[in-house]
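**Student:** Take the given structure of chain D and dock chains P, W and L to it, following the hints.
Chain residues, written in single-letter form:
There are 4 protein chains.
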Amino acid sequence: MDDQAHQDEASPEMQARVRASFESQGLMGHLGARIAHIAPGRVRITLPHRPEVTQQNGYFHAGATSAIADSAGGYAAFTLFPEDTSVLSVEYKINLLAPALGDHIEAIGTVLKSGRTLTVCRLEVFGVRGEERSLVATGQQTLIRVEARPEQ
Amino acid sequence: MDDQAHQDEASPEMQARVRASFESQGLMGHLGARIAHIAPGRVRITLPHRPEVTQQNGYFHAGATSAIADSAGGYAAFTLFPEDTSVLSVEYKINLLAPALGDHIEAIGTVLKSGRTLTVCRLEVFGVRGEERSLVATGQQTLIRVEARPEQ
Amino acid sequence: MDDQAHQDEASPEMQARVRASFESQGLMGHLGARIAHIAPGRVRITLPHRPEVTQQNGYFHAGATSAIADSAGGYAAFTLFPEDTSVLSVEYKINLLAPALGDHIEAIGTVLKSGRTLTVCRLEVFGVRGEERSLVATGQQTLIRVEARPEQ
Amino acid sequence: MDDQAHQDEASPEMQARVRASFESQGLMGHLGARIAHIAPGRVRITLPHRPEVTQQNGYFHAGATSAIADSAGGYAAFTLFPEDTSVLSVEYKINLLAPALGDHIEAIGTVLKSGRTLTVCRLEVFGVRGEERSLVATGQQTLIRVEARPEQ
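Residue numbers (this note's numbering), protein chains in the order written: chain D, 1 to 152; chain P, 153 to 304; chain W, 305 to 456; chain L, 457 to 608.
Just so you know, the hints here were simulated from the structure itself, not pulled from any lab data. Every residue gets a Cβ at the ideal spot worked out from N, C-alpha and C, and that includes glycine. Just so you know, not all the hints are guaranteed correct.
[Said to hold, decoys possible] Each computed EDC-like pair below joins lysine to aspartate or glutamate, with the alpha-carbon atoms no more than 20 Å apart:
| # | chain 1 | residue 1 | chain 2 | residue 2 |
| --- | --- | --- | --- | --- |
| 1 | D | Lys113 | D | Asp8 |
| 2 | W | Lys417 | P | Glu258 |
| 3 | L | Lys569 | D | Glu132 |
| 4 | W | Lys417 | W | Asp312 |
| 5 | L | Lys569 | D | Glu106 |
| 6 | L | Lys569 | L | Asp464 |
| 7 | P | Lys265 | P | Asp160 |
| 8 | W | Lys417 | P | Glu284 |
| 9 | P | Lys265 | W | Glu436 |
[As the list claims (entries may be wrong)] Here's a subset of chain P near chain D, in silico, CB distances under 7 Å, partners left out:
| # | residue |
| --- | --- |
| 10 | Gly178 |
| 11 | Leu179 |
| 12 | Gln208 |
| 13 | Asp222 |
| 14 | Ser241 |
The shape of chain D in the complex, shown without the other chains (with noise of 0.2 Å):
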């Protein structure tokens, strides 16, 4: 993927595609997170901060921070797919990098290959606050494309 293609925005069609699968996707909502940028082979979700998303420390939680990780790769992969085909994702493996603070984080998702069956993701996620901005995770993603209706 080049840095230009990264700075495109994916068509109008596809990101309805994208929007309207975020948008039914419960947990998302439940968790308060929000698209914030659909480039072809690289998606941006964004979660602000609040109690509902931490752990004991009032640090966001693990989970939250790879359940958006884990989507925003979902969607990078998504975006390089033909119609009448979904994603699922296989693994995925992260490091947590230091405790996630901030008034949001937000979660970047970028394809470093896209095969026929297999696409494979680089995720991010940074905290943020104001005008800072530290990585506080890193992951790496394999998702599988399927026809119509997922079935692994």
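**Tutor:** Chains P, W and L only, in chain D's frame:
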């Protein structure tokens, strides 16, 4: 960890420490998760199905699946720690083996190796419907023991 | 996979297919690894200790440990595949639990889930000295089934 | 890590420490790997193609690919450590993106986060043939700093 140990319940003091920490995790309450069992080196957490924890097809969202898996492993490690210490997830990897379906899912964290600094857990998540029970996710997690107030 | 199945040996035809493939892996011969057991969904590979497979402290190098773990998982998956198919590792994750010591190490790959396209294996590596045997590494691996000549 | 830092060579003392350790790793010599570049927080290791490092199709074996990736990350971490300390791999995860082909492969380990106890590295492996260069594997690794004689 021998299997007998896993059958046993943790001491009342340890159970109280784990439950107090769990109840202070905003995310677990917000998802509707609860601790089902606390043994030395093994903790089970359950999550009932409801629209707030689903992805676009009505299955449990991978983010919800891994949130309770991560917590189950974290508390499994914590049961073997001395007082005045806390636990942080360093990293984990999870394979989503099948669509996570059922009345509820159940995550089991089991300590494979408990070191002075680092602990490694196996994570398993089952989809449960009535008497049926099938493995929907399996993972591996590294945790670090920290003194008092957690700082990685 | 039930435990009984793992005790059984694979059919002579399957054993021959696995051994033929193993012998064509230059790396396995160069390291001195050999196949110790082939059951449906479970394969064991051993590697004797010698200076050519060590890291700077004389322990087995993590690269040698994971090379035989990766192969054990790959062949475990392969035993469940139909003829005219091949196997490729998609990804794996391995935790190095303790310095890998012993007269030899033994890697066991066990199929956890065998799907039409993807297979997931558990990887375990033991350090063995005489009667003593201890877990030195544990991992999880995803593999893909490919037709005839492998191409991802 | 800023990019400029990665261009720089490590100090002669640090380079000597890394090379001395590398030369004491029996496996690296046995495979035919050599260190190509040592910068603070970034190390490159190359491995020429020959039958001794292949899998059954003549590609580089995933075990060889990850052996040099693991070492590249380990030495990248090590370049940022104080004297009288050593490094051990805690775990790593690697995605094999494409058949590893080329005259040689080159692994680059880059420190993403250097903590007091734990370091996290990105691992990348490229297949190189003449001027052509393509990413064949990408991974993520956790390492621990240990005093003098390594013990996890």
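**Student:** Looking back at the numbered hints, which does the structure fail to meet, lowest number first?
**Tutor:** Those not satisfied: there are none.
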